[in-house]
Amino acid sequence: MNLNIKVTKENTFDAIVVGSGMTGGFAAKELTEKGMKVLMIERGKEIKHVQDYDTAMKQPWEIEHRGKTTLVSAEERWANSRFWGLGSEEVVNHLTNDKENPYIEKRPFDWIRAYHTGGKSMHWGRQSYRWNKQDFEANAKEGIGIDWPIRYEDLEPWYTHVEKFVGVSGQKEGLDVLPDGHFLPPMPLFAPEAYFKKVMFDKFNRPVTVGRVANLTQPQAIHTELGRASCQYRNKCARGCPYGGYYSSLSGAIPAAMRTKRLTVLHDSIVAEIIYDDQKKKAVGVRVINQHNHLVTDYFAKIIFLNAGSINTAALMLNSKSSRFPNGFGNDSDQVGRNLMDHQLGAGATASIEGFEDDYVYGQRPNALYIPRFRNWGNDKQTAYLRGFGYQGGASREGWNRGVAADGFGGDFKENLTKPGAWAISIGGFGEVLPDPNNRMYLDPDKKDKWGVPLIVFDAAFSDNDRAIRKDIIASAVEMLETAGFKNATPYDRPTHLGLGIHDMGTARMGRDPKTSVLNSFNQVHDSKNVFVTDGAAMASASCVNPSITYMALTARAVDHAVKSLKKREL
Amino acid sequence: MNRREVIKSVALMFGGTLSAPTLMAMNHWEQNSPIPTTSAAFSLTEQQRKIVAEVAEMIIPRTNTVGAKDVGVPAFIEMMLKDCYLQPDHQRFLEGLTSLEQLKFLELNEGERRGALKMMEQQTKEQMKVPSKTVPFWRLMKELTLLGYFTSEAGIKASFEYVQIPGKLENIKLKPNQKLYAY
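Quick mapping for you: the protein sequence lines, in order, are chains A and B. Going left to right, the first sequence walks through residues 1 to 571 as our numbering numbers them. Going left to right, the second sequence walks through residues 1 to 183 as our numbering numbers them.
The following block holds chain B by itself, in its conformation from the complex (with noise of 0.2 Å):
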């Protein structure tokens, strides 16, 4: 595990979770240097949108409950990566939407969708072990997409047992067919 995994972990394992801008705030801290301003624009052509709509959805599908589409995450996918990422990391999301171009994504079946992700899940797990300041596509997009979904008002609701005010702390054992509490 490199340092930059193991803070990874360390901001899953309270709650949070990976997050581009803390390691950005990081590298600046470590170069000791000036955050390279922003502005750099993002956007996203019709067809990358659909792409990218088409594959949160395979990750988080609607099922007998709400889907990635449902709740909006492809905007909100959109909306992070341009408020919340610099260039280097824009480029190599589109470096790996660009491959889902040339594989004609869209034209695929569902198995072969399916094929194709877990493909691109295997070669991510190769791209992880190369220390890089950048997160390969598969990963950036389940990431978002799951926070996406997961902290959405209807993907909170349909998932966990959402407590506003808890008002107490206590142990528990679980019930049966136990759901995550959420706060």
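Extracted from the complex, chain A is given alone in its bound form (with noise of 0.2 Å):
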């Protein structure tokens, strides 16, 4: 007994922080800022800023399969490789192997991994929207899932907090569907993208604006002082940039937490079980289990935040089970690891376009164009479906490979290939998908990892209201490209499935009632409030615009309170 005090004793933190991803970096940050001495416990490798990003100045020709998915990777990535182009070289060692952490899919679903440091912060799309008053009140008038806890209000500050930290680059624009919030210069729209601003302006009073991404087009001391620098606009970003031009785990909060001295991680270490303790009443520590040798460690805090990505963290809830949560931590509501959303993608239309030969662009523009969410929104009311969607998309010059399709081949063919081609643009919707409690995640009875950890089960799909939206993401994209006065607009739809947005959410949502959510206002689980969900898993509804910048919000926010309420000692 004495020997395990003193494990016990060297095992013990202020905080445990499980995901060292987009909120689990963040988590950590805010957690070792406020003076809590921080466990952050992460279950893929260690990947290090700058000096890990091993494809980051690879010029093209040093891309052996320039781009393309070898066989073996699309064997290896079965689960990434549906994703475009995340099978690539340039990326593919920085997503998980799918091979190696199987899958179950009882329906299909897109399941996109990224197992190490910052997870998948490294990869994201950086497009960063605050979601609008209407998106937390929805549920509610529409008596759709249950009512959000909280309100616009609510997190407001905590999005200027997150969006001085991260630099996020946008354009002001005084729209209630999107509101504005702290942004750095914006990036220019193209000359085809300017006429088509104003064209949908006058046409249908619809805006577009140039996307909002956590890129530093100016960036302040608050990022400099971190080593970040300026966007280099190589559009380089998923395989990591070593000037830290975009936002990620990696380049900004763990840097920051690190420096409190105050953050210990653990890598190479799935967390397998949240240990509770029945005379307490609540959890005090976390299961983990090394991967490589298979050694169980247990770690201990006052508070524990779960941010191991939406899936992995509702499977370890439900991977918890006590006498006082026979169905999983904090499972009363059974609503664990169900109402499993995430944004639709993969359809919209594309058009060549005539004119602006003169123009072009120097650099490559990490970014697209916006358009707002226009249906169900002020005077407009759709019949066939609930909610709404945004579009982003972009123009560009042709480049060499508009010769794959064309005829000819010799001398002039070669040469007119080094030219600039005609501009093209395509739009591509972001749907929002409804919660339902029968779209939902689980833990197979009886197949087990290599670890000994239950194989996660998906059994989700999506409903006629998302069908119907994405009907009207094409449509409408057809309408507006052809209303701009470009030419053969052609619909596009990629038969999809949930998961290939790589916005999953809702498995933990929060809630104001026990019997139906399972976190509070706070984040915090129902009945063992020292733990704290914060990723993806917290959502009651899934809104149409990207969701980490909402995540890493609620996840500053809950911070506050975790740290206001331990220093009253209620908790």
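Bear in mind the hints are in silico, worked out from the structure with no lab data behind them. Be a bit skeptical, because a hint or two may be false.
[What the hints assert, rightly or not] Straight-line Cα separation of at most 20 Å, SDA-like style, residue types lysine to any residue; simulated pairs:
#: 1; chain 1: A; residue 1: K133; chain 2: A; residue 2: E173
#: 2; chain 1: B; residue 1: K118; chain 2: A; residue 2: A406
#: 3; chain 1: A; residue 1: K381; chain 2: A; residue 2: P207
#: 4; chain 1: B; residue 1: K69; chain 2: B; residue 2: F160
#: 5; chain 1: B; residue 1: K125; chain 2: A; residue 2: T418
#: 6; chain 1: B; residue 1: K157; chain 2: A; residue 2: W61
#: 7; chain 1: B; residue 1: K175; chain 2: A; residue 2: V361
#: 8; chain 1: A; residue 1: K419; chain 2: B; residue 2: E153
#: 9; chain 1: B; residue 1: K129; chain 2: A; residue 2: D407
#: 10; chain 1: A; residue 1: K515; chain 2: A; residue 2: N438
#: 11; chain 1: B; residue 1: K179; chain 2: A; residue 2: T418
#: 12; chain 1: B; residue 1: K69; chain 2: A; residue 2: V404
#: 13; chain 1: A; residue 1: K58; chain 2: B; residue 2: K157
#: 14; chain 1: B; residue 1: K168; chain 2: A; residue 2: A406
#: 15; chain 1: B; residue 1: K69; chain 2: B; residue 2: K129
#: 16; chain 1: B; residue 1: K157; chain 2: B; residue 2: N177
#: 17; chain 1: A; residue 1: K419; chain 2: B; residue 2: L180
#: 18; chain 1: A; residue 1: K58; chain 2: B; residue 2: P166
#: 19; chain 1: B; residue 1: K157; chain 2: A; residue 2: Q59
#: 20; chain 1: B; residue 1: K157; chain 2: A; residue 2: K381
#: 21; chain 1: B; residue 1: K118; chain 2: A; residue 2: D412
#: 22; chain 1: B; residue 1: K82; chain 2: A; residue 2: H65
Build the complex: two chains, separate frames, hints provided.
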């Protein structure tokens, strides 16, 4: 017993954060900056900012298969390869080997994972939009799912807090549908996009703005003191940025937490269970399996933040059974793993653009144009569906690859392909998905992975409402491109499943009533309030905007509450 | 335009190129079944290698700048087929090569060779109208030739204004004889 006490002491922290990605990193930063001694546990390998971005500075000819996925990679990364380009050598080593980390699809689910320091924050699309007031109110008004226990005003100061630290480039537009934030200077729209913006406003009264993106257009002291520099407009963000030009846990939150000297990071360590103490009536720590030697170690803390990503966070809760929580930690409501949502992706339209022959662009914009939701907003009322969608897209001049489908070969053909081609435009929708308790993931009762942890089973699909939104995404895209006078407007509709948006969320939702929700208004697990879930799992609805900035704002707000409560000895 | 065509056009739009493995992954996801394991051995005969090299050079010939053969496109094509494409793609590619072998392509003069490729180009357009999981020989040959050439060091530097680190982003007007930027 004496030995155990010593180990227990060494393994005890003020706070444990499970996961080092978008929200885990932010939780660690906020907790350590508020004086907490934090243990952050990452299941995957260690990646060091800059020095481990092994493909970042490679020139095109140094990428052996030039961006294509090899058969070996397609087999190992059978899920990741479902997303455009993620099987390529440029990024593949920073995405999870699906063969070694299998999951079960009762119904298909495209689960894109990145098990390493920083998680998917290394690869995210960086689009950063605040939710609007209606996003928080719609569930209650429409009788969908459950009401959010918070409103826009509760999150507003935390959005500002996060935006300042992250560094979001964007244009203020004064729109209710897309609240302005604390922005760095916007990136430019290109000539045909500026024209498109004007026509959309004149003909439809629909605003078009340049994407709000977490790339530094004008770094501030809060960024440079962490070693971050201006975006270099290479648009190779997914490889990791040696300049820290875009925000990730690796470039921002983790260095900020390390600076406090209060952060300890464990890598290669799978959190398999939350340890619940029946006497103390609260969670006291976590049980961790080493990826390599399979040794099991317990770690203890006063507060625990679950930030493993919505699927793995819910799986961890479901796998943590105790006499108090026989159906999984915090799962009195049976909502853990349910209401799995995502955003619809892969539908829209393309068109060719005549004119603008003299216009070109220097540099690569790691960003897009954005068309905020206009459906079921203001005077628009759709009968076929609830909620709506936004578009991301952009115009560019065709490159040499236009030659693949074109006629011809030989000297003139070759010479022609060295010149900028015609402009073309593509816009694709991000559609809101409604919460549905029957869309879920759960643990397989028998099958386990090589660490003895139950495999995750997905059983979820799009609804009629989702499909009606998708239909309109396509029809409206064609209508808008045609109205702008662009040619050959062509719809596209990649048949997708939930997951491909890589915005999985909802599996441990916030709510007012412990009977129907998992978390309270400060992301605390009902009935074990020293455990906080602040990743996508917490979401009671999905909105149609990219979620990361909202997750980070929820995280910062929850940490503030946690530390205040701890000081008041309420936890 | 069928769905695959659309995906390809979108891929092109975003700076990628038509990618067989992407389509392969898509099939997997449509069927919810494992991707067949690779290991389909693929290699070309000496004569087939010569034809591939000659066709690649006719697509991107040496002019006042380097051509396909100069930058190693023929070997690149064989490597890509082996590493990135499945057996049905191999088979269709080999069928195309066989038809050129039957034409005694290597014995034809320059004009006859050009005629043969033009005919193949027309046939390919018809073939592309039929939905298929594989791509006709000419289309794949052309794609891999352009990919290999325009991403090779000498090909990029001879063809484009190569800028590894732009450092800024701005709208500009075309200069006379403006080349594409490559990054």
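Hints, one by one, checked against the model:
no.	hint	in the structure
1	A:K133 <-> A:E173	holds, 16 Å
2	B:K118 <-> A:A406	holds, 12 Å
3	A:K381 <-> A:P207	holds, 18 Å
4	B:K69 <-> B:F160	holds, 19 Å
5	B:K125 <-> A:T418	violated, 24 Å
6	B:K157 <-> A:W61	holds, 11 Å
7	B:K175 <-> A:V361	holds, 11 Å
8	A:K419 <-> B:E153	holds, 18 Å
9	B:K129 <-> A:D407	holds, 15 Å
10	A:K515 <-> A:N438	holds, 17 Å
11	B:K179 <-> A:T418	holds, 6 Å
12	B:K69 <-> A:V404	holds, 18 Å
13	A:K58 <-> B:K157	holds, 15 Å
14	B:K168 <-> A:A406	violated, 32 Å
15	B:K69 <-> B:K129	violated, 31 Å
16	B:K157 <-> B:N177	holds, 16 Å
17	A:K419 <-> B:L180	holds, 5 Å
18	A:K58 <-> B:P166	holds, 15 Å
19	B:K157 <-> A:Q59	holds, 12 Å
20	B:K157 <-> A:K381	violated, 54 Å
21	B:K118 <-> A:D412	holds, 15 Å
22	B:K82 <-> A:H65	holds, 11 Å
The structure fails hints 5, 14, 15, 20 (numbered hints given earlier, in ascending order).
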